[in-house]
Every structure is written in C-alpha cells, then in structure tokens.
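Whenever a hint applies, use it, and build me the whole structure from the sequences.
Protein chains: 2
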Amino acid sequence: MKTAEEIQKKISEYIGSTSFSGTPKELYDPIVYIMSQGGKRLRPTLCLMACELFGGDIDNCLPSALAAEVFHNFTLVHDDIMDQAPIRRGKETVYKKWNSNIAILAGDVMQTKALELALSHRARHTYDVVTELCKVAREVCEGQQYDLNFETQDNVSIAEYIEMIRLKTAVLLGSVLKIGGLVAGASEEDIKNIYDFGINLGIAFQLQDDIFDCYGDAKTFGKMPGGDIADNKKTYLYLKALELSDDDDKKKLLSLFSMKPGRDDDKMRKVLDIYGKYEVKKLVTDVMRTYYDKSLTYLDKLSVPMERQTALRDYAEALYFREK
Amino acid sequence: MKTAEEIQKKISEYIGSTSFSGTPKELYDPIVYIMSQGGKRLRPTLCLMACELFGGDIDNCLPSALAAEVFHNFTLVHDDIMDQAPIRRGKETVYKKWNSNIAILAGDVMQTKALELALSHRARHTYDVVTELCKVAREVCEGQQYDLNFETQDNVSIAEYIEMIRLKTAVLLGSVLKIGGLVAGASEEDIKNIYDFGINLGIAFQLQDDIFDCYGDAKTFGKMPGGDIADNKKTYLYLKALELSDDDDKKKLLSLFSMKPGRDDDKMRKVLDIYGKYEVKKLVTDVMRTYYDKSLTYLDKLSVPMERQTALRDYAEALYFREK
Numbered sequence: 134m135k136t137a138e139e140i141q142k143k144i145s146e147y148i149g150s151t152s153f154s155g156t157p158k159e160l161y162d163p164i165v166y167i168m169s170q171g172g173k174r175l176r177p178t179l180c181l182m183a184c185e186l187f188g189g190d191i192d193n194c195l196p197s198a199l200a201a202e203v204f205h206n207f208t209l210v211h212d213d214i215m216d217q218a219p220i221r222r223g224k225e226t227v228y229k230k231w232n233s234n235i236a237i238l239a240g241d242v243m244q245t246k247a248l249e250l251a252l253s254h255r256a257r258h259t260y261d262v263v264t265e266l267c268k269v270a271r272e273v274c275e276g277q278q279y280d281l282n283f284e285t286q287d288n289v290s291i292a293e294y295i296e297m298i299r300l301k302t303a304v305l306l307g308s309v310l311k312i313g314g315l316v317a318g319a320s321e322e323d324i325k326n327i328y329d330f331g332i333n334l335g336i337a338f339q340l341q342d343d344i345f346d347c348y349g350d351a352k353t354f355g356k357m358p359g360g361d362i363a364d365n366k367k368t369y370l371y372l373k374a375l376e377l378s379d380d381d382d383k384k385k386l387l388s389l390f391s392m393k394p395g396r397d398d399d400k401m402r403k404v405l406d407i408y409g410k411y412e413v414k415k416l417v418t419d420v421m422r423t424y425y426d427k428s429l430t431y432l433d434k435l436s437v438p439m440e441r442q443t444a445l446r447d448y449a450e451a452l453y454f455r456e457k
Numbered sequence: 134m135k136t137a138e139e140i141q142k143k144i145s146e147y148i149g150s151t152s153f154s155g156t157p158k159e160l161y162d163p164i165v166y167i168m169s170q171g172g173k174r175l176r177p178t179l180c181l182m183a184c185e186l187f188g189g190d191i192d193n194c195l196p197s198a199l200a201a202e203v204f205h206n207f208t209l210v211h212d213d214i215m216d217q218a219p220i221r222r223g224k225e226t227v228y229k230k231w232n233s234n235i236a237i238l239a240g241d242v243m244q245t246k247a248l249e250l251a252l253s254h255r256a257r258h259t260y261d262v263v264t265e266l267c268k269v270a271r272e273v274c275e276g277q278q279y280d281l282n283f284e285t286q287d288n289v290s291i292a293e294y295i296e297m298i299r300l301k302t303a304v305l306l307g308s309v310l311k312i313g314g315l316v317a318g319a320s321e322e323d324i325k326n327i328y329d330f331g332i333n334l335g336i337a338f339q340l341q342d343d344i345f346d347c348y349g350d351a352k353t354f355g356k357m358p359g360g361d362i363a364d365n366k367k368t369y370l371y372l373k374a375l376e377l378s379d380d381d382d383k384k385k386l387l388s389l390f391s392m393k394p395g396r397d398d399d400k401m402r403k404v405l406d407i408y409g410k411y412e413v414k415k416l417v418t419d420v421m422r423t424y425y426d427k428s429l430t431y432l433d434k435l436s437v438p439m440e441r442q443t444a445l446r447d448y449a450e451a452l453y454f455r456e457k
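Sequences listed follow chains R and B, in order.
Going by the working numbering, the first residue of the first sequence is number 134, and it counts up by one from there.
Going by the working numbering, the first residue of the second sequence is number 134, and it counts up by one from there.
Hints in this document: simulated from the structure, not taken from any laboratory.
Everything numeric in this text was worked out from a predicted model, so none of it was measured.
Since the list gives no way to pick one copy over another, a pair counts as held whenever it fits inside one copy or between any two copies.
With a straight-line Cα cutoff of 30 Å, these simulated DSS-like cross-link-like pairs (lysine-lysine) come out:
(1) 352 <-> 224
(2) 384 <-> 366
(3) 410 <-> 393
(4) 143 <-> 268
(5) 414 <-> 352
(6) 229 <-> 366
(7) 400 <-> 383
(8) 158 <-> 325
(9) 229 <-> 393
(10) 366 <-> 230
(11) 158 <-> 366
(12) 229 <-> 173
(13) 373 <-> 158
(14) 385 <-> 400
(15) 158 <-> 393
This is the structure we're talking about:
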C-alpha cells in the first residue's frame with residue numbers, strides 16, 4: 134500500500150505528463166496556469182487511495198483521478214468569477230489575471246477536459262465513472278447556487294448551510310472515493326460506505342476551511358483570512374453566533390453583515406469579538422470533530438481488513454489536523 | 134422516411150417530456166426558460182435525420198439529439214454573457230433576465246445535462262457519442278475564443294474567419310450528423326462524409342446568419358439587425374469590404390470599426406454604404422453558395438440510395454433558402 138506522499142508523487146508526475154496546452158493559447162494558457170499551481174491534490178489522492186484500498190491498479194485510475202482534479206479546478210475558476218476573488222493559492226485568480234470572458238471559457242473547456250480524461254481510459258468501469266462525474270458536476274453547481282442564494286437570503290438555517298457545503302464540497306470527495314472503488318471493482322456495499330466516508334469527511338473539511346478563513350494565517354492559508362466576513366458569507370460560525378447571541382449582539386451581527394462587502398478591519402474585529410464571546414470557534418470545531426468521527430464509522434464498515442486501511446486513515450487524520 | 138416537420142414534432146414532444154427543472158430553482162428556472170423557447174432545433178433535427186438516413190431507429194437517437202440541443206443552448210447562455218447580448222430569439226437573454234452568475238452556473242449545469250442525456254441511453258454507441266460530444270464541446274469553445282480574440286486583433290484574414298466559424302458553428306452540425314450515424318451503426322466512410330457535409334453546410338449557414346445580421350428583418354430574425362456592426366465584429370462581410378476598399382474607404386471602415394461598441398444609426402448607414410459600394414452582400418452570398426454546393430458533394434458520396442436522402446436534402450435546401 135502506497136502512502137499519501139507516494140500517491141501524490143504519482144499524481145504530480147501524471148499531471149506533469151498531461152498536456153493542458155492548445156490553440157488558441159488565450160484559451161489554454163489559463164488552464165496550464167491553474168493546473169500547474171499545485172494545491173493539495175486532495176481529490177485525486179483520495180481517488181487513488183480508494184482504488185488501492187479495494188485492490189485496484191492505480192495506473193488504471195489515474196485518468197479518472199486527474200479528471201476529478203481538473204473538474205475541481207474548473208469549479209474554482211468559475212466560482213472565482215462569481216465571488217470576484219482576486220487571490221487563490223497565493224496567486225492571482227484566472228478571472229483577475231486575464232478577464233471574466235476568458236475565465237468562463239477556460240472553465241468550460243476544463244469541464245470537458247475532465248470528462249475526456251475519464252473517457253481516455255476505456256474499460257469496464259468507464260461508463261459508470263463518467264456518469265458519476267456528471268452527477269457530481271450537477272450537484273456541485275447546485276451547492277454553488279445555494280451559496281449564492283444565501284448572500285441575499287435571510288434566516289439561513291444551519292441545516293441549510295450543511296446541505297450547501299455537502300453539495301458544494303463534500304459530494305466531490307464522496308464521488309472520487311466512489312470512482313476509485315468503481316475502477317477497482319469494489320462491491321456496491323463497499324462503494325456506498327466509502328462514499329459516505331467522503332461525505333462526512335468533506336463536511337468536516339469544509340468546516341475546517343471556514344475556521345481557517347476566519348482564524349487562519351495568511352502565509353500558510355494562501356489567502357488573506359477574513360474573506361468570508363468581508364463578503365458577509367453566512368458560514369457555520371456566523372449562523373451559530375447568530376443563534377447564541379443576545380438581542381444586542383444579534384442586532385450588531387446583522388448590521389455588520391449588512392455592510393457593503395469589502396475588507397474592513399473594524400468590522401472584522403467586531404465580528405471576531407462576538408464570535409469570541411460565544412465561543413463559536415470551539416463549537417464549530419466540535420461539530421467538525423463529530424463529522425470526522427462519523428466519517429470513520431463508514432471505514433469501520435468496509436469489507437477491507439484494517440491493515441489495508443492505514444494509508445487512507447492516516448491521510449484523513451492528517452487532513453483533519455492540517456494547518457491550511 | 135420522415136420529413137423534417139415530422140422529426141421536429143418528435144423533438145418537440147421529447148423536449149416537452151424531458152424535465153429541466155430542479156432545485157435550487159434559481160439554477161434550473163433559466164434552463165427551463167431557454168429550453169422552452171424553441172428556436173430552429175436545427176441540431177437535433179440533423180441528428181435524427183442522419184440516424185434515419187442510415188437506417189437507424191430514431192427513438193434510440195433522441196437522447197443524443199437532445200443532448201446536442203442542450204449543449205448548443207448552453208453555449209448561447211455563456212456566449213450571451215461574453216457578448217453582453219440582451220436579446221435572443223426575441224426574448225431577454227438569461228444573463229440579462231437573471232444575472233451573469235446565474236447564467237454562468239446554469240450554463241455549467243446544461244453542459245452536464247447534455248452529457249447526462251447522452252449517457253441515459255446506454256448502448257453500443259454511447260461511448261463514441263459521449264466522446265464526440267466532448268470533442269465538439271472543446272472545439273466550440275476554441276471557436277468562441279477566436280471570436281473574442283478577433284475583437285482586438287488587427288489583420289484578421291478571411292481564412293482565419295472561416296476557421297473561426299468552422300469551430301464555433303460548423304463542427305457541431307458535423308458532429309450531430311456523425312452522432313446520428315453512430316447511433317445507426319453507419320460505416321466509417323459514410324460517417325466521414327456526413328460529417329463533412331455538416332461542416333460545409335454549417336459554414337454556409339453561418340455566412341447566411343452574418344448576412345441576416347446585417348440585412349435581416351428584425352421581426353423574422355428575432356433580434357435587431359446590425360448587431361455585428363454595432364459590436365465591430367469582423368465578419369466575412371467586413372473583411373471582404375476591407376479587402377476590396379480603396380484607401381479612402383478602408384480608412385473610413387477601420388475608423389468606423391474602432392468606435393466604442395454600441396448601436397449608432399449613422400455608423401450603420403455609413404458601413405452599409407461601403408458594403409453596398411463593393412457589393413459584399415452578393416460576394417458573400419456567392420461564397421455561401423460555394424460552401425452549400427460543396428456540402429452536397431459529400432451527400433453524393435454516401436452509400437445510401439438517393440431516395441433515402443430526399444428528406445435531408447430538402448431540409449438542407451430549406452435551410453439554405455431560409456429567411457431567418
């Protein structure tokens with residue numbers, strides 16, 4: 134069984150050997166740009182780990198794993214237009230470096246490229262993999278739309294927020310694990326469990342991300358913290374603070390989150406004061422722990438012996454204790 | 134053999150029985166909106182006609198035919214953002230009726246929905262159909278990027294323009310005909326010829342569209358004519374006029390096409406005067422005729438008896454002599 138590092142090395146090599154260039158170069162340069170930026174490579178790593186866990190040959194899984202990574206990067210390119218985000222992974226976003234039109238079009242090609250990669254390895258599992266990629270593509274868009282809706286929607290509930298991040302973030306983690314299982318020819322039961330592991334891990338992962346966005350260090354996080362507060366994003370932290378606040382703090386919070394989006398140190402300090410008063414960081418960390426623990430219960434159910442699970446469990450743990 | 138009208142009736146019924154709705158409704162309402170607008174249904178019609186031409190069962194082809202129509206509509210939704218086009222088919226464009234973010238996201242889902250439709254009919258041909266749809270998706274984006282490039286590119290050649298419309302418009306017509314052939318199990322040779330028929334028909338079709346954009350009637354054309362001139366689009370008409378103009382007219386044209394994009398009756402009149410002086414409408418009509426005639430030579434090469442070709446030939450002719 135390969136470790137996460139060994140798998141990530143394989144992914145890097147495979148990405149390095151895959152051409153993202155083409156003509157017109159105005160269309161393909163942004164794709165080369167974003168695909169060469171690195172990032173955690175979380176999705177292909179999980180995909181290959183699942184494949185190996187179920188005894189599959191990870192070489193057969195590389196195209197689908199990369200498909201998921203390209204797909205993920207496509208969603209970032211389009212999301213950054215919608216969120217008008219200038220920086221991602223410490224670098225200018227595609228829309229900022231080029232323009233919105235190029236970012237729309239480059240994203241469109243990346244969505245196609247993802248499927249072309251999955252189709253490039255024609256095998257018994259190809260139909261199911263492509264079908265899964267389409268399903269998850271739709272769900273991720275639904276999640277992004279809920280996220281956009283929340284900007285103007287009052288009374289977003291915590292349940293709605295969790296459903297949003299399930300769609301926007303978690304389903305793709307579930308799907309890549311499922312795809313690894315499909316390539317390996319795992320049983321339906323095992324595939325269901327590894328998928329649910331991914332869903333719960335994904336929700337924990339996003340809650341962690343929300344915490345980093347508030348309390349992270351700019352250097353390790355790769356972008357300025359406080360973006361969610363600047364953008365009035367109704368994250369779990371905000372919703373929990375709102376739930377716990379007394380009337381006075383509730384009024385303050387609502388007023389702070391009605392300000393024109395944009396960075397404002399005074400706003401940031403006031404919001405963090407309220408978050409601190411109601412200990413929402415600790416509360417959200419607890420919820421995150423609950424999802425993480427739940428994710429592991431699905432690994433317990435796998436028909437795979439525990440010693441084969443070590444690499445994946447170690448990786449999930451490292452993800453849980455990550456610093457960015 | 135069914136006529137175009139019978140086939141179009143089948144497509145309308147099939148579209149009517151296909152659900153494009155979902156949640157969140159902010160995401161799916163625009164898809165329902167654009168898919169219910171009608172339009173020529175040119176791509177699914179050609180797809181089903183090719184299927185029937187080669188002796189296939191068009192019921193097996195309906196999902197792929199609709200896939201192509203959904204894909205085409207996705208490109209319109211995204212193109213209209215990039216071109217900031219307010220009106221399409223006599224109605225507000227998605228980006229105008231909702232906003233850019235929703236139009237980006239709805240388009241993304243439509244691209245997925247197209248493939249899901251093609252995947253929904255699992256058969257011998259499914260892999261090839263989905264692969265073809267991905268290939269053409271990439272090419273159409275490349276064509277759109279060339280179109281965007283031309284906005285700021287000096288010295289666009291007529292050959293470059295033809296290559297742009299080949300990618301942006303013609304390849305999809307070629308592909309839908311090919312897909313019809315794939316579903317019917319046509320020979321490689323026949324598929325190659327029907328594809329090339331589509332490419333040449335598509336170029337003729339786009340040249341016709343350029344002429345309508347200049348000289349069409351707002352009522353039948355579904356949008357105000359003159360959009361290309363207002364947007365300084367370097368169409369065949371413009372490039373030909375530029376090629377033929379004396380120094381004085383060339384200067385005038387270049388200056389008129391350097392104006393800030395936007396409707397301007399005086400500009401429109403001046404440009405049309407120059408077009409008239411050099412008879413570019415007639416010249417482009419002749420070029421269009423050449424592509425149309427060439428398209429028919431590929432039908433001549435088919436292994437299919439002439440009497441089976443009547444419906445498709447009639448349809449191509451009607452397209453050629455269309456008024457919008």
